[in-house]
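Using this note's numbering, you'd call the opening residue of the sequence shown number 1 and step up by one each time.
Just so you know, the hints here were simulated from the structure itself, not pulled from any lab data. Keep in mind the model is a prediction, meaning the values are calculated, not measured. Keep in mind that the hints are not guaranteed to be accurate.
[Said to hold, decoys possible] Label-pair ranges, simulated between beta-carbon atoms:
| # | residue 1 | residue 2 | range |
| --- | --- | --- | --- |
| 1 | Val103 | Ile176 | 34 to 44 Å |
| 2 | Leu88 | Glu173 | 27 to 37 Å |
| 3 | Phe178 | Arg101 | 30 to 40 Å |
| 4 | Asn191 | Phe93 | 23 to 33 Å |
| 5 | Lys279 | Leu95 | 26 to 36 Å |
[Claimed, not checked] Here are the simulated EDC-like cross-link-like pairs (lysine to aspartate or glutamate), alpha carbons at most 20 Å apart as the crow flies:
| # | residue 1 | residue 2 |
| --- | --- | --- |
| 6 | Lys204 | Glu274 |
| 7 | Lys180 | Asp167 |
| 8 | Lys172 | Asp187 |
| 9 | Lys264 | Asp157 |
| 10 | Lys172 | Asp267 |
| 11 | Lys204 | Asp117 |
| 12 | Lys184 | Glu274 |
| 13 | Lys200 | Glu111 |
| 14 | Lys264 | Asp223 |
| 15 | Lys160 | Asp109 |
| 16 | Lys148 | Asp187 |
| 17 | Lys160 | Asp224 |
| 18 | Lys200 | Glu274 |
| 19 | Lys120 | Asp141 |
| 20 | Lys200 | Glu169 |
| 21 | Lys165 | Glu207 |
| 22 | Lys128 | Glu179 |
Ideal Cβ positions, reconstructed from N, Cα and C, are used throughout, including at glycine.
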Amino acid sequence: MEEGNIMCDFLKDILASAISTVIYTVLFFIWRKTSIRFNKKDPRINAILFYLLIFFWIASGIIIYYSVFFLDKPFFWLTISHLVLSFLIILYFTLKWRQFRNVGIYGADLEIRNGIDYQKSLSFVNNKIKFLGIGGSKLTDQRDAFKKAIKNCVKEDSIKFLLCKPDHELLKEAAIRFEKPLRKYKDNVINSLRFISDLKKIYKNIEVRFYNDFQIFRMMFIDDSICLLSYNVMGEGDGSQLPQIHVVRHPKRDVNSLYFALEKYFDDLWEESEEWDFKEFLDN
């Protein structure tokens with residue numbers, strides 16, 4: 001009986017060693033095949049590495065569970081491997097988190113409506129707002145939130161809207177292309193401008209300018225500290241289904257953050273854009 005138990009334990013040890021050997025052999029083979037691309041820091045391979053770590057972490061966990069509850073003999077080296085994989089996964093997430101933070105990316109929304117939406121973004125405004133978009137209608141549609149945000153910006157040079165001219169040919173072309181009423185996009189911009197013009201009578205520090213070339217990106221700078229970056233796609237809903245990135249200003253040096261480049265782009269475009277008198281287009 002005792003000899004049978006010894007033989008059984010011996011077979012279990014062989015099985016444990018065989019499984020561990022197979023796992024490490026597969027890992028080594030994958031590493032050899034992808035080492036060249038790893039050296040090039042190919043981001044596509046980084047994604048594959050992460051999925052491989054998850055796969056082997058799950059696989060090793062299942063085998064450990066099987067060895068403990070069915071073979072009544074835990075695989076020591078497999079357990080160690082599982083712990084090492086757990087550490088590597090945590091390390092991977094930590095390094096990625098630091099990479100994004102170091103360049104100013106603090107978050108992202110797969111869809112604006114399920115993340116920092118238009119109303120919520122306005123609620124963040126405490127003292128300054130700069131906006132680049134087509135007409136700003138997504139913001140002005142949030143009447144109460146928009147008024148409150150404007151009211152919070154009391155200093156000069158603290159409210160800037162960089163928009164598309166209502167008579168821009170692209171708005172008309174987009175309406176035709178996507179089979180919308182001819183004045184669809186034009187009226188959206190005019191209605192937004194009309195509401196901003198009404199607020200201008202109360203808040204004199206509101207500034208509006210029109211850019212010449214159509215801008216694909218949508219930027220909202222809040223309090224000189226955060227930029228919500230998305231983009232415009234004509235004919236694809238109201239835009240709230242599109243993704244959005246949260247870019248935060250670097251606390252020490254602006255140039256180390258993507259915020260620096262985005263704000264410089266806005267400021268340069270602002271300087272070369274046409275100032276609006278808060279009267280033109282409102283009678284259309």
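To see whether the hints hold, each was checked on the structure:
Between Val103 and Ile176 the CB atoms are about 40 Å apart, so this pair conforms to the stated range of 34 to 44 Å. One distance hint, 27 to 37 Å for the beta-carbon pair Leu88 and Glu173, is violated here, with the actual separation near 52 Å. For Phe178 and Arg101, the Cβ-Cβ distance of about 39 Å falls inside the hinted range of 30 to 40 Å, so the restraint holds. Between Asn191 and Phe93 the Cβ separation comes to about 45 Å, which falls outside the hinted range of 23 to 33 Å.
About 54 Å separates the C-beta atoms of Lys279 and Leu95, a value inconsistent with the hinted range of 26 to 36 Å. With a C-alpha separation of about 18 Å, the suggested pair Lys204 and Glu274 falls inside the 20 Å cut-off, and the hint holds. For a cut-off of 20 Å, the pair hint linking Lys180 to Asp167 stands: about 16 Å separates their Cα positions. For the hint linking Lys172 to Asp187, the alpha-carbon distance of about 11 Å falls within 20 Å, and the restraint holds.
Among the hinted pairs, Lys264 with Asp157 is consistent with the structure: their alpha-carbon atoms are about 16 Å apart, no more than 20 Å. Proposed proximity of Lys172 and Asp267 is contradicted: the alpha carbons are some 27 Å apart, above 20 Å. For the proposed pair Lys204 and Asp117, the alpha carbon gap of about 27 Å is over 20 Å, so the pair is violated. A C-alpha spacing of about 23 Å is found between Lys184 and Glu274, which places the hinted pair above 20 Å, so the restraint is violated.
About 32 Å separates the Cα atoms of Lys200 and Glu111, which puts this hinted pair outside 20 Å; it is violated. The hinted pair formed by Lys264 and Asp223 meets the criterion: a straight-line CA distance of about 15 Å does not exceed 20 Å. About 24 Å separates the Cα atoms of Lys160 and Asp109, which puts this hinted pair outside 20 Å; it is violated. Between the alpha carbons of Lys148 and Asp187 the distance comes to roughly 24 Å, so the proposed pair goes past 20 Å and is violated.
Pair hint Lys160 plus Asp224 holds up; C-alpha atoms about 12 Å apart against a cutoff of 20 Å. Between Lys200 and Glu274, the direct Cα distance comes to roughly 18 Å. Compliance with the 20 Å bound is thereby established for this hinted pair. Using a Cα cut-off of 20 Å, the hinted pair Lys120 and Asp141 holds, with the two alpha carbons roughly 13 Å apart. For a cut-off of 20 Å, the pair hint linking Lys200 to Glu169 is broken: about 27 Å separates their Cα positions.
Of the supplied pair hints, the one linking Lys165 and Glu207 holds, its CA atoms being roughly 14 Å apart against a limit of 20 Å. Pair hint Lys128 plus Glu179 does not hold up; C-alpha atoms about 38 Å apart against a cutoff of 20 Å.
In summary, the structure is inconsistent with hints 2, 4, 5, 10, 11, 12, 13, 15, 16, 20, 22 from the numbered list given earlier, while agreeing with the others.
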